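With the hints as extra help, turn the sequences into a complete structure.
2 protein chains.
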Amino acid sequence: MKSNPEITFGTRIRKSPFFDSTIKWGCKAFTIYNKMYMPTYYKSFVEDYWSLVNDVTLWDVAGERQVEITGKDAEKFVEYITPRDISACKVGQCMYILLTEKDGGIVNDPVLLKLDENHFWLSIADSDVLLWCLGIASSNRFDVKLSEPDASPLSLQGPKSPDVMARVSGEWVKGLKFFNFKKSVINGIPVIIARSGWSGEPGFEIYLLDGSRGNELWEIIMEAGKDYKIAPACPSQINRVESGMLSYGSDMTLQENPYDVSLGKFVNIDKKADFLSKAALSNIKQKGILKEMVGVEIMEKTSDEFIRDHLPIYDEKNVVGKITSSVYSPRLKKNIGLAIINKENINSNNLRLEYSGKSIEIKISQLPFLRNK
Amino acid sequence: MKSNPEITFGTRIRKSPFFDSTIKWGCKAFTIYNKMYMPTYYKSFVEDYWSLVNDVTLWDVAGERQVEITGKDAEKFVEYITPRDISACKVGQCMYILLTEKDGGIVNDPVLLKLDENHFWLSIADSDVLLWCLGIASSNRFDVKLSEPDASPLSLQGPKSPDVMARVSGEWVKGLKFFNFKKSVINGIPVIIARSGWSGEPGFEIYLLDGSRGNELWEIIMEAGKDYKIAPACPSQINRVESGMLSYGSDMTLQENPYDVSLGKFVNIDKKADFLSKAALSNIKQKGILKEMVGVEIMEKTSDEFIRDHLPIYDEKNVVGKITSSVYSPRLKKNIGLAIINKENINSNNLRLEYSGKSIEIKISQLPFLRNK
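So the sequence lines, in the order shown, correspond to chains A and B. Just so you know, we're using the numbering used here here: the first sequence kicks off at 1 and counts up by one. Just so you know, we're using the numbering used here here: the second sequence kicks off at 1001 and counts up by one.
These are computed hints drawn from the structure, not numbers from a lab. Some clues are possibly wrong.
Okay, derived cross-link-like pairs now, DMTMM-like style, lysine to aspartate or glutamate, Cα gap no bigger than 25 Å in a straight line [said to hold, decoys possible]:
(1) LYS182(A) <-> GLU148(A)
(2) LYS1028(B) <-> ASP20(A)
(3) LYS1035(B) <-> GLU256(A)
(4) LYS76(A) <-> ASP163(A)
(5) LYS1043(B) <-> GLU6(A)
(6) LYS1035(B) <-> GLU68(A)
Note that the structure is predicted; figures quoted are calculated from it, not measured.
Next comes the structure, spelled out in C-alpha cells:
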C-alpha cells in the first residue's frame, strides 16, 4: 500500500472520546467525518477486513454524531424531513431513513432511533443535519428542540461479535433483534446497545453516553474480545462494497434523489404525514425513474488500491454513468464497485471506464456481491 | 516535527480542482474542509510561514466553498441570516459577516461577495451553510435560489503578492482596494480576483470559475512568481494566530455567540432588516457580555508543535476559560494562543493551564500579536 500524506491534527476538528485508544492501538490512518477524526485502518485495509469477516472488530465511529429531536412535535418533525413512513417505528427500534430536500435531493441517510414518544435520535452520515434541521425549525412551524447529545457510537462487527458483546453485557444481548436497541450499563458506564452496524457481518453498535469514559469502555471491550481474536478496525470499505451498502458522500449526495440510487423503497409518497420532498418525489416517480445503482465488476488486474475518484462510465460514445465507490475484493479476487448508471444502459455489454490512460471493460453485477449475515 | 498518521483518500471527500498540483508540488499533509481535501503544509509549518511573511505563497483553499444566493429576495435572505447590516454593501465589495442561529450561536463566519443586486456569494468556513440555508428557505418565506456554483478559491498571500498578481493579471490589480473584487480572465480562464485573504499579510483571493482548469491556473501563477521566490503553502496557523484572526470550529462554534468571541462589532441589533437571531442577541447584549476572546502568552519552553486540544484555563480554583488555538511564533519566539475567557477573570495574574502533567503559567495579551499588512 502506497503511503499517503499525513493528516494534520488541530482544534478545528474534534477528537472522539476513543481517540487516545485508537492511537494507542496503532491506528495508521484517519479521515474526517462530521468534523471528527475517524480511523480508517490499523494493520492494512485487507488485514483489518479479514479480522472483520472471520472474527470480530471494534471500530471508533463516534463521527456518526447524533441529532436529538424532542418536543411536542418531534414525530411530526421527523415525518416532515423524511419520505419514509415512520409511524410504525416503536420505542426501542431503529429505522434506516433518508432525509430529503424540497427538490428530492438526499441530505443524509441516518439511522433513526426512537428513544421514547416524541424523542428521537438521528445517527447521521457525513453532513450537518443539525444545521439543516435548525434551518427548518426556524420557521416556528414545529414545537421541537434540536441538539447534539453526549452520545458516541462504537461498532462491534464480525461473526464473533455476539459472543464478545455477551461477555461485556450479559447473554440477554444475543436475543436483541436486528435494528432493536436497549439502554444498558457496562461497568457503570451508561450505554445504548443496538443490533446494527455498517457491515455485511453480524454486529452491534454501542452508544457511549458519557464522553469522559471512552477509553475505559474501549479497553473493556478489547479485553473481553481477546479469546475471539478481536482486532481494532474501522468501517471497511471492502466489506461494505461487497455487501452493497451505500456511503453518503460517495454513492449519494444532495445531487441524487432516492430513485437515482435505487432506494425508492424508502419513499412512501402516500404516507399520511406531510413531508418536505413530497411534491418533488411524486413528480419524479410519475415521470419515470432514469437511473439505477448497480454493482460493477471492473475487468482489470487485481490491486489493493481504491480507485479514489468518481470515474465516468462510457458506452460506445457517451458518458452513461459513474463509478461511485470501488475496491479490490479479497474473497472474490476481483475489482468491484458501485455505480450510478442510466437505466437505458443497464443491459449494455459494451461499458468501460478510462483509468490511467487505459480503457477498462466493466460488467454490471447483482448486489450484494457477498454477505455473511 | 513528529509525523502523524496518514490521511485516507476516497470518493466521499471531494478533491479540489488544484489537487493534482498540490501533490505534484510536494504537499506533505492535508486536512478536510467542507468535505474537500485541503493542504496544510509543504516543507514544514515553519518554513512555509517564512515564505508567507517574507515573500509570497500560493494556497489551495478551494475547500472554502461558495454558497450562491439569487432571486428576488436574495438580499432580504442574506439580511435574515446575519446580524450585520449588509445594506451598505455595494456590487464588487466583500464584507466579513457572521451567520447566527435563532439562539445567537454562530453557524459560520463567511466573506460575503455582492456580485450584483440580489446576487451574492457566501465564501464559507467549515460548516454546511448550504444545508442550513436550504432549511430556512423551506419555509417559502423567501423567493431565493440556493446553490453551490463552480467557484474555487486560490489564495496568493505575502508582501510580494501584489507584484506576482500584477504579472498574472496586469498592473490594474495593484489598485484594487482591500475587500473589493473584480471579474477577470487569466490566459482565457475565467476568475474573480479579490483583495482579501486569511493572513496578516497583503494578499489576493483568486476564485477559479472553471473547475476543469485548476491545475493550469496553478502553474501560471507559480511560473509568474518564480522571480519573487513564490512557494506553495497553506493557510498558516502560525501567521493567523499572530494576527489574531479567528478560525471557525477552533475559536467559535454553534456554542458561542458573537459577543463570546469579541465579534460584537459585527452585530447591528438595530439594523432595519429583520434577522433570525435578533431577539436572542438583543437579550444577550442587554444582560451583559460574559466572555471575551483574548490573546494569551503561554510561558513555556519553545516548541514547534501545536497544542492540539482545547485546553481549559484555570485561576486559583476554577476553570475560567479555554485556549482555542495555539502555536509557537517564530518571530516572537514565544508560544502564543487565542482563548475565550470569563470577563471577570481578564485581569487575573494567576492564570494557568495543565499540559502533559505540568502546570503552565499564561498571560493575557493584546491582539493582534503581530501584523504586517
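Comparing the hints with the structure gives:
| no. | hint | result |
| --- | --- | --- |
| 1 | LYS182(A) <-> GLU148(A) | 20 Å, holds |
| 2 | LYS1028(B) <-> ASP20(A) | 23 Å, holds |
| 3 | LYS1035(B) <-> GLU256(A) | 17 Å, holds |
| 4 | LYS76(A) <-> ASP163(A) | 39 Å, violated |
| 5 | LYS1043(B) <-> GLU6(A) | 13 Å, holds |
| 6 | LYS1035(B) <-> GLU68(A) | 23 Å, holds |
Going through the hint list in order, the structure does not satisfy hint 4, though it satisfies all others.
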